[in-house]
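K.L.:
Place chain B on chain A using the hints.
Sequence order for the protein chains is A and B.
Quick note, in this note's numbering, the first sequence goes up one by one and the last residue is 207.
Quick note, in this note's numbering, the second sequence goes up one by one and the last residue is 358.
Keep in mind the hints are simulated off the structure, nothing from the lab.
C-beta atoms are modelled at their ideal positions from N, C-alpha and C, and glycine is treated no differently.
A few of these clues could be false.
Stretches of chain A that chain B covers, calculated by requiring three or more beta carbons in the stretch to come under 8 Å of a beta carbon on chain B [said to hold, decoys possible]:
1. 102 to 111
2. 117 to 126
Partial list, computed: chain A residues near chain B (C-beta under 8 Å) [to be verified]:
3. LYS114
4. PRO130
5. ILE131
Here are the computed lysine-lysine pairs in the DSS-like style, where the Cα-Cα straight-line distance is at most 25 Å [what the hints assert, rightly or not]:
6. B:LYS291 <-> B:LYS330
7. A:LYS126 <-> B:LYS133
8. B:LYS224 <-> B:LYS209
9. A:LYS126 <-> B:LYS45
10. B:LYS104 <-> A:LYS126
11. B:LYS218 <-> B:LYS182
12. B:LYS14 <-> A:LYS44
13. B:LYS209 <-> B:LYS12
14. B:LYS218 <-> B:LYS171
15. B:LYS45 <-> A:LYS43
16. B:LYS94 <-> B:LYS109
17. B:LYS133 <-> A:LYS198
18. B:LYS109 <-> A:LYS126
19. B:LYS45 <-> B:LYS218
20. A:LYS43 <-> B:LYS10
21. B:LYS218 <-> B:LYS248
22. A:LYS126 <-> B:LYS107
23. B:LYS112 <-> A:LYS126
24. A:LYS44 <-> B:LYS45
25. A:LYS44 <-> B:LYS12
26. B:LYS262 <-> B:LYS279
27. B:LYS59 <-> B:LYS18
28. B:LYS14 <-> A:LYS43
29. A:LYS44 <-> B:LYS10
30. B:LYS254 <-> B:LYS325
31. A:LYS44 <-> A:LYS126
32. B:LYS12 <-> A:LYS43
33. B:LYS10 <-> B:LYS63
34. B:LYS186 <-> B:LYS171
35. B:LYS218 <-> B:LYS185
36. A:LYS126 <-> B:LYS94
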Amino acid sequence: MNYLINNFREILSLTFIHILVTLLSTLPAIIFGVLFGIIFSRKKLISLGNFFLNIFGILQSIPSIAFIAIIFMYTGIGIKTVIISLFVYSIVPVIYNTTSSLLLIPDEVIEAGKGMGLNRSQILFKIELPISIRGILSGIRTSLTINIATATVATVIGVDTLGKIILIGLRVRRLDMLWVGGIIVAILAIFVDLIFEKIENLSLKWA
Amino acid sequence: MIEFINLSKKFKEKYAVKNLNLTFNDGEISVLIGPSGCGKTTTLKMINRLIEPTEGNIKINNKSIFDFDEISLRRSIGYVIQEIGLFPHYTIYKNISIVPELLKWEKGKIDKRVNELMDLINLPRTYLNRCPKELSGGEKQRIGVARALASDPEILLMDEPFGAIDPINRKSLQDFFVELQKALKKTVIFVTHDILEAIKIGDRIGIMKDGEMIQFDKPQEILKRPKNKFVEELLGVNRNILRLTLNKVLDFVKKDFKIINKDEVKEIKNFNDSLYIIKNENNYDGFILKKDFEKGRDCIREIVFINENENFLDTIILLLSKGEKVAVIKCIERGIMGYVEINDLIRAFEKEEYELSN
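Bound conformation, chain B alone:
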């Protein structure tokens, strides 16, 4: 747990960070966001004392950061910056092993840990002898994360880590990081200026302006109830649409479906389930809706597959673009988990809107 107590930082006479009192929960990603100059990076860097606070205190697990020697404090906290922060003259192996090396781990233990980390970030071990410049931006950024995780710190500080990456690779890095965090449950403080990134990865978002914390809350709450005009503007006109990205379709999955073989289609007399998925050897040919069948239409439709983590917005867009009303949730490990109907999603959203306006 990281606690800020009346934390302030002055540069000359001007406050860069003003009187923060916050608690960051263990195992959560807390995102700090705001316009440039709002103090988010200064705040982050005070945690590992790259910047010394002027007033107040920071406590990590109830121990003040001033009770640590600053070098050993930094070695105990993972630190990730943009991919350019890799050491160009070190191989990937040496880059990752730098903190264990400083902590004087044995060679065998370092070897084991480095290999473990390469598996964790899903890059081949053959990369270990390469230099950073031989890797792509996205790969370098993964190495940056691995390097910060090397000594298995409880806390990770991330300063706009994906800021320099192109949008497509950025999205996949975000997905990668969210997945990683599910397994690792680190306490992460993450600075970004990208509100979409904040909403996507944050368990909590802290919105800062002029060194002050304007609102610190769960993304849903911030989107539903922005505290003031500034927050509303930061979230943008798409605020309500963004909220759709936070709702998971899995909450609205329906399970009254049946998988049948192609030759069984003609034999169906009575529909007990609402949806029949037609299987053809290893593939799925299409599906039949009970409603369609009862109305006597020619009713085998193409299946729109989505994965189990899909959110409302992407699902609705996908369905609208395909002209379908039903999406089937297919999970790589567990196969077909059920289906969702576009109407349910829209209704749920309307209901939420209605509750908010009253």
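If we strip away everything but chain A, and leave its shape as in the complex, we get:
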């Protein structure tokens, strides 16, 4: 507790950077993830989509620290590496969830839409996306939560996030620092989770 009070300013700025790194990497991941997710779910690209889904499934099982290390080998030290690796790592659940929930929609529903005279974009925006919104949101939720946790690792390659507190705490064997760092990250993750639970519940009505 003393540690928290004495170093409040630094902790606050580390938290801020932590959130910034998370958002900078996750927002593009969400945008591109949904986009690719939609593309991979198209009828003509379905085999390509399945192929990528399998690849992503495997990628997702690589531990995040290993992933960052691999990206680091290509791009070196600095925020660029952090953003790129968090982006690549967190885009996976977004694409995965978007594509699989779009593919879950019964063909009949799409066909009914077509038969009734909806054009392509109307089918996408009025039918497909609203129906699969829950799955897409849960992908985004996963990717945000993962990135909040993974952003701690950024410290290893020179970007000071909340991981710094944990890393130093570990080095100098200060249990209080480890607790403070861990708990703040956990609170951030839980906060995001709660917000998304609320949003997802709003769309639960028809699911």
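P.N.:
Frame of chain A; chain B shown alone:
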């Protein structure tokens, strides 16, 4: 009127539909039936260009479907598929109003039309705010029909609409649809794989095999004169019995009956009519047949009621199971309309059989 002119569809090198030349009459239900892969659904989907024909043309009221923009063509044709085709994220209201919405009707006009349709399909307006998953399969299917009728299209395309419904609800949906069609007189193309359904609702039945139209005719004609072995097999061994379902008892109704009160029974001296129905306040107690009375039997029998649309087969089965020979036709609006005798029905059928075999 929908016309097929040398209509063909090839998938890769194989014909799914081969050289169809047909005319579907206005105001009729034309049923397309055949084994899976016979091209019936492909044929249906070419009409609203969900599938583009490879060769030939389709004309709707003498205008080629290729002269329409495909989106506006589809908006002008009602389309019904299995109940699963409702949009799960839309309320019933939004599901029904989707085409009027696309056609940019005013809010007030849409409201009015949606309410009208709910009355037409006999579902309460309170359902309008519900989601499809809160409705039963049969109810959802009615909504599917209402949705297709929303902009009052002349033509309805129905692709195995009742296919996923259990047999009991299926029968009532078929009855519902036949009744609806009597009022609406739409030009309906209806795909099914259920021959009983085809016979029940079709004004005309088209039997398809390997992309070709084998026989296109009225159900009676097809049952009486199947064109070849394939059609015979499709109709099944019950072909002659099925024919009985097409004959309506109303054609053989007899009207020489009289309704009398219970206390009048003893006073009857001379029978002028063949059948006396005994009325007891609001109920009917039974009936007396002239024949029975003359033979001096104790002759008050229980009445077997049927409705005015009943067919031969159901009536005969009902009478046989009750051990009676006479059925009284009672219509909800008009009361008792007359009676039919089982012997007349059987004789009429035998006569038809005899004519066919000669």
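K.L.:
Run every hint past the structure and note whether it holds.
P.N.:
Hint-by-hint comparison with the structure:
1. 102 to 111: holds (count 4)
2. 117 to 126: Since 4 is at least three, the answer is holds.
3. LYS114: 6 Å, holds
4. PRO130: 5 Å, holds
5. ILE131: 5 Å, holds
6. B:LYS291 <-> B:LYS330: With a Cα-Cα distance of about 22 Å, the restraint between B:LYS291 and B:LYS330 holds, given a limit of 25 Å.
7. A:LYS126 <-> B:LYS133: Satisfied, since the Cα-Cα distance of roughly 18 Å is no more than 25 Å.
8. B:LYS224 <-> B:LYS209: Holds, at roughly 20 Å.
9. A:LYS126 <-> B:LYS45: Holds. A:LYS126 to B:LYS45 sits at ~23 Å (cutoff 25 Å).
10. B:LYS104 <-> A:LYS126: Judged against 25 Å, a Cα distance of about 15 Å means the pair holds.
11. B:LYS218 <-> B:LYS182: 17 Å, holds
12. B:LYS14 <-> A:LYS44: 21 Å, holds
13. B:LYS209 <-> B:LYS12: 19 Å, holds
14. B:LYS218 <-> B:LYS171: 21 Å, holds
15. B:LYS45 <-> A:LYS43: 18 Å, holds
16. B:LYS94 <-> B:LYS109: Answer holds: B:LYS94 to B:LYS109 is near 14 Å, not above 25 Å.
17. B:LYS133 <-> A:LYS198: Holds, at roughly 22 Å.
18. B:LYS109 <-> A:LYS126: 22 Å, holds
19. B:LYS45 <-> B:LYS218: Holds, at roughly 23 Å.
20. A:LYS43 <-> B:LYS10: 20 Å, holds
21. B:LYS218 <-> B:LYS248: 15 Å, holds
22. A:LYS126 <-> B:LYS107: Given that 25 Å is the threshold and the Cα spacing comes to 19 Å, the pair holds.
23. B:LYS112 <-> A:LYS126: Given pair B:LYS112, A:LYS126 holds - Cα atoms ~23 Å apart, limit 25 Å.
24. A:LYS44 <-> B:LYS45: 20 Å, holds
25. A:LYS44 <-> B:LYS12: 16 Å, holds
26. B:LYS262 <-> B:LYS279: 6 Å, holds
27. B:LYS59 <-> B:LYS18: 17 Å, holds
28. B:LYS14 <-> A:LYS43: Cα-Cα ~22 Å, so holds.
29. A:LYS44 <-> B:LYS10: It holds: about 19 Å lies between the C-alpha atoms, which stays within 25 Å.
30. B:LYS254 <-> B:LYS325: 13 Å, holds
31. A:LYS44 <-> A:LYS126: At roughly 21 Å apart (the allowed maximum being 25 Å), A:LYS126 and A:LYS44 satisfy the hint.
32. B:LYS12 <-> A:LYS43: OK: B:LYS12 and A:LYS43 at ~18 Å, within 25 Å.
33. B:LYS10 <-> B:LYS63: It holds: about 23 Å lies between the C-alpha atoms, which stays within 25 Å.
34. B:LYS186 <-> B:LYS171: Holds. B:LYS186 to B:LYS171 sits at ~20 Å (cutoff 25 Å).
35. B:LYS218 <-> B:LYS185: Roughly 17 Å separates the two Cα atoms, so the pair holds.
36. A:LYS126 <-> B:LYS94: 11 Å, holds
Going through the hint list in order, the structure satisfies each hint without exception.
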